[in-house]
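Student: In case you want the letters, here they are:
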Amino acid sequence: MPVVVIQSLSKEYSGRQVLKDVNLEVQSGEIFAVVGPNGAGKTTLLRILDLLEEPTSGTVSIDGISIDYSSKDRTAVRRRIGMVFQQTVLFNTSVFDNVAYGLRVRGESRVDIERRVKAVLELVKLQGFEQKDALALSGGEAQRVALAQALVVEPELLLLDEPTANLDPRSVSVVEEALSRINREMGTTMIMTTHNISQAESLARRVAVLNEGRVEGVGTFREVFGRSTKAVQGFARLENVFYGVSRITAEGTSLIDIGDGLCVEAAFERVGHVTFHIPPEDIILSTRPLTSSARNNFEGSIVQVVDMGPVVKLKVRSGRDFIVQITKRSFGEMQLNIGSRVFIAFKASSVQTN
Amino acid sequence: MTLNITHDIDYKHNSAIECDMTTDAFWEEVLNVTLMSLRVSGTAVLMGASIGVPIGAFLGLRRFKGKSTVMHLVDIMLKSVVNTFMGLPPVVVGLAVYLLLTASGPLGHFGLLYTPTAMMITQLIMVVPIIIGVTMSAVGDVEKAVRERALSLGATELQAAWAVLREARAGVLTSVIVAFGAAISEVGGIMITGGNIRWTTRTLTTAIVVETELGNFDLALSLGIILLSISFAINLILTILQMKGAKR
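Quick mapping for you: the protein sequence lines, in order, are chains A and B. Position one of the first sequence corresponds to residue 6 (our numbering), numbered consecutively onward. Position one of the second sequence corresponds to residue 277 (our numbering), numbered consecutively onward.
Calculated directly from the structure, the hints in this document are not laboratory data. Each hint should be verified, as a subset may be incorrect.
Result set (SDA-like, lysine to any residue): computed pairs, CA atoms no more than 25 Å apart in a straight line [what the hints assert, rightly or not]: (1) B:Lys-520 - A:Asp-102; (2) B:Lys-420 - A:Val-308; (3) B:Lys-420 - A:Gly-144; (4) B:Lys-520 - A:Lys-77; (5) A:Lys-137 - B:Gln-435; (6) A:Lys-77 - B:Thr-432; (7) B:Lys-420 - A:Gly-145; (8) B:Lys-420 - A:Lys-320; (9) B:Lys-420 - A:Ile-72; (10) A:Lys-77 - B:Met-347; (11) B:Lys-520 - A:Glu-135; (12) A:Lys-137 - B:Ile-516; (13) A:Lys-137 - B:Arg-442; (14) A:Lys-352 - A:Glu-304; (15) B:Lys-520 - A:Phe-101; (16) B:Lys-420 - A:Val-94; (17) B:Lys-420 - A:Arg-79; (18) B:Lys-520 - A:Leu-140; (19) B:Lys-520 - A:Gln-92; (20) A:Lys-352 - A:Asn-302; (21) A:Lys-137 - B:Lys-520; (22) A:Lys-77 - B:Leu-449; (23) A:Lys-77 - B:Leu-337; (24) B:Lys-520 - A:Ala-147; (25) B:Lys-420 - B:Leu-449; (26) B:Lys-520 - A:Gln-136; (27) B:Lys-420 - A:Val-223; (28) B:Lys-520 - A:Gly-145; (29) B:Lys-420 - A:Thr-80; (30) A:Lys-77 - B:Val-346; (31) A:Lys-320 - A:Leu-341; (32) B:Lys-420 - A:Ser-185; (33) B:Lys-420 - A:Val-279; (34) B:Lys-420 - A:Gly-20; (35) B:Lys-420 - A:Arg-52; (36) A:Lys-320 - A:Pro-285; (37) B:Lys-420 - A:Leu-57.
Go ahead and model the full structure; you've got the sequences and the hints to work with.
Tutor: Here it is, written out as C-alpha cells:
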C-alpha cells in the first residue's frame, strides 16, 4: 500500500526548473532512497514533502489524502512527518529542551516528555547528554540530536536529507543503526536522500535516481543499477562512478579497464561489465608521487575546486575525472589551486560495487 | 588645581564647581551628575526597548522576500529608513526636540524644556531606531532556519515565531546595550534640550564639556573616567554576549 504518492510534481524558482514532472510512490513502512548529484533537486523534493515549500504544479498525497499546500494551517499534516535537515539547526538551549521541543508544541505531559526524551537519547547513544549545551556539541553529536528531535514524536513518515553527510564514522553507524531499528520496530516510512550509494543500498529497499530535477530510474537497486540504461548514465553523474570491463588477476583481485588507458584494481572478483564507484573521501591526494600500499595510483591536474565548508572537493583530471575530498586545512597547507599537478591514490578495497 | 574662575562662583545652585570646595561637595556633585546620566539614559533606553523591540521583532519576522516585487521594495525602503534613523545626529534630534518644547513651540505649554524629561525624550528618539535596527537584523538572521526547524518539528506559526524570538534573544539584548552605550555617551542633544543646568540637568557628558571649558580638569577627568568605566562595563557585557552567540 503506497503511503506517499507524488504525481507530476514540478517546482520552479524564478524561472529555473528544479523538479520536472516527478512521479514516485513510496510504500508504507519502507525505506526509500533518493540518490543524485548536487543540485539534482533532492533537498527541494524533501522540503515539499515536509510542507516547507509549495510545488509549482503536481500533487502529493499521504495515505490517499492530497496535501492542500494553500491551506492556512498545515500543522496537522506536518505533525505526522519528521525531517532531519542536512544543515543541523539546533536551538540555543540544552539537549533535553531541544529534543523535547516537538513534544512541547504538541502539548504532551511533562512525565511523558521526560520518559520519551530519555528513551530517544538512548536510541541515538547520547544518554547523559540531557543537560549539555546543544550548541557546544560536535557535528556528529549535533546531527544525532537533530535525529532525536525528529524521532521523539514518532512520526509516520521520516524525511532524511543526507543524514550522514560529513559525519564521523561512529556517528554514521549510530545513525544508520537507529534508522533501521526505528523502521523495523515502529514501521516508520522513510525517504532519505544520499550521495552514498552503499549506505543507500544497505538501508533502503528501493531507490530513485534524481538528476537535474528528473527521475531517471526507480526500483530496486538491481533494477536501477543492474542494467546500462539511461538511468545508469544519470547515475554516472554521481561522484566517481565508472563503468568498465573487468577481469580477474592472479592475486584474486579484479582489474577493470575503464577506457582512456586507465585500469582500476578492485578487491572483489568480477568478470565482464561492472559499474563501480570510489568514495571521494577514500582517495589520497599528494603533490609528489606516493609510495604506499594503495594499488591504484594516477597522476593528474586539478580542474575544479568546490568549497563544501570544512572540506573541499576537487576534480582531478587524469584521463578521467576523479572527485577527491580533502579537508580545508590540507587544501590550504598543500597550497593547491586549479591547474596544480597532483598524484592520487586509493586502495583496491575502496573500489565499491553493488 | 590653581586656576580660579571668578565670574561663576556666587552661589551653589547655579555655578560651576569651585576649585577649593571640600572633598564631600566634590563627590556629591560627581555622584549627582553620574546618577543624572544613568537616570536619563536608563529611562530613555527602557522606554525605547519597550517600543523598539516589538517593532524590530515584527519587522524581522515578516517575510517580504519572494512574495512580490512590490513587497520586496517595501522591505528595502523600510530597512533603509531604519538604518538612516540609526545614524541620526543627536544634535539634530536635540534641535528638533528643542523647537517642539520651546515656549513658542507646539508643545511649549508643557514647560518641559530644560528638564530631565526633555533629555529623556531626546535620547528616546535617538535610541528607538538603534533598537529597532539591531533587533530586526538579529531576528532576521535566525528567522529562516529556526522557523523552518520549528515548523518541521510540529510547531504552529505562532509557536515558530516565539522560537525565533527566543533564538534571537542575545541579539535583542545586544540592541538594548548598544543603545544604552550610545545614550550615555551622547552630549549634543541633551545639551540643547536639557540646558546643562547644575544639579538639575547636568549629566556626565555635559559636565565634562563645561568643566573642561572652565579649566576644572581634575573634575572633568574624574567624570571622564567614570564615563569610561560605564562604557567599559557595557562593552564587557556585549563581548561576553557575542562570544556566547558566536557558538551558533
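Student: None of the hints should be skipped; say for each whether it holds.
Tutor: Verification of the supplied hints:
no. : hint                  : verdict
1   : B:Lys-520 - A:Asp-102 : holds (18 Å)
2   : B:Lys-420 - A:Val-308 : violated (35 Å)
3   : B:Lys-420 - A:Gly-144 : holds (21 Å)
4   : B:Lys-520 - A:Lys-77  : violated (36 Å)
5   : A:Lys-137 - B:Gln-435 : holds (24 Å)
6   : A:Lys-77 - B:Thr-432  : holds (10 Å)
7   : B:Lys-420 - A:Gly-145 : holds (23 Å)
8   : B:Lys-420 - A:Lys-320 : violated (33 Å)
9   : B:Lys-420 - A:Ile-72  : holds (23 Å)
10  : A:Lys-77 - B:Met-347  : holds (20 Å)
11  : B:Lys-520 - A:Glu-135 : holds (20 Å)
12  : A:Lys-137 - B:Ile-516 : holds (19 Å)
13  : A:Lys-137 - B:Arg-442 : holds (18 Å)
14  : A:Lys-352 - A:Glu-304 : holds (15 Å)
15  : B:Lys-520 - A:Phe-101 : holds (19 Å)
16  : B:Lys-420 - A:Val-94  : holds (11 Å)
17  : B:Lys-420 - A:Arg-79  : holds (17 Å)
18  : B:Lys-520 - A:Leu-140 : holds (10 Å)
19  : B:Lys-520 - A:Gln-92  : holds (20 Å)
20  : A:Lys-352 - A:Asn-302 : holds (9 Å)
21  : A:Lys-137 - B:Lys-520 : holds (15 Å)
22  : A:Lys-77 - B:Leu-449  : violated (33 Å)
23  : A:Lys-77 - B:Leu-337  : holds (17 Å)
24  : B:Lys-520 - A:Ala-147 : holds (17 Å)
25  : B:Lys-420 - B:Leu-449 : holds (20 Å)
26  : B:Lys-520 - A:Gln-136 : holds (17 Å)
27  : B:Lys-420 - A:Val-223 : violated (33 Å)
28  : B:Lys-520 - A:Gly-145 : holds (21 Å)
29  : B:Lys-420 - A:Thr-80  : holds (17 Å)
30  : A:Lys-77 - B:Val-346  : holds (23 Å)
31  : A:Lys-320 - A:Leu-341 : holds (12 Å)
32  : B:Lys-420 - A:Ser-185 : violated (31 Å)
33  : B:Lys-420 - A:Val-279 : violated (45 Å)
34  : B:Lys-420 - A:Gly-20  : holds (22 Å)
35  : B:Lys-420 - A:Arg-52  : holds (13 Å)
36  : A:Lys-320 - A:Pro-285 : holds (10 Å)
37  : B:Lys-420 - A:Leu-57  : holds (11 Å)
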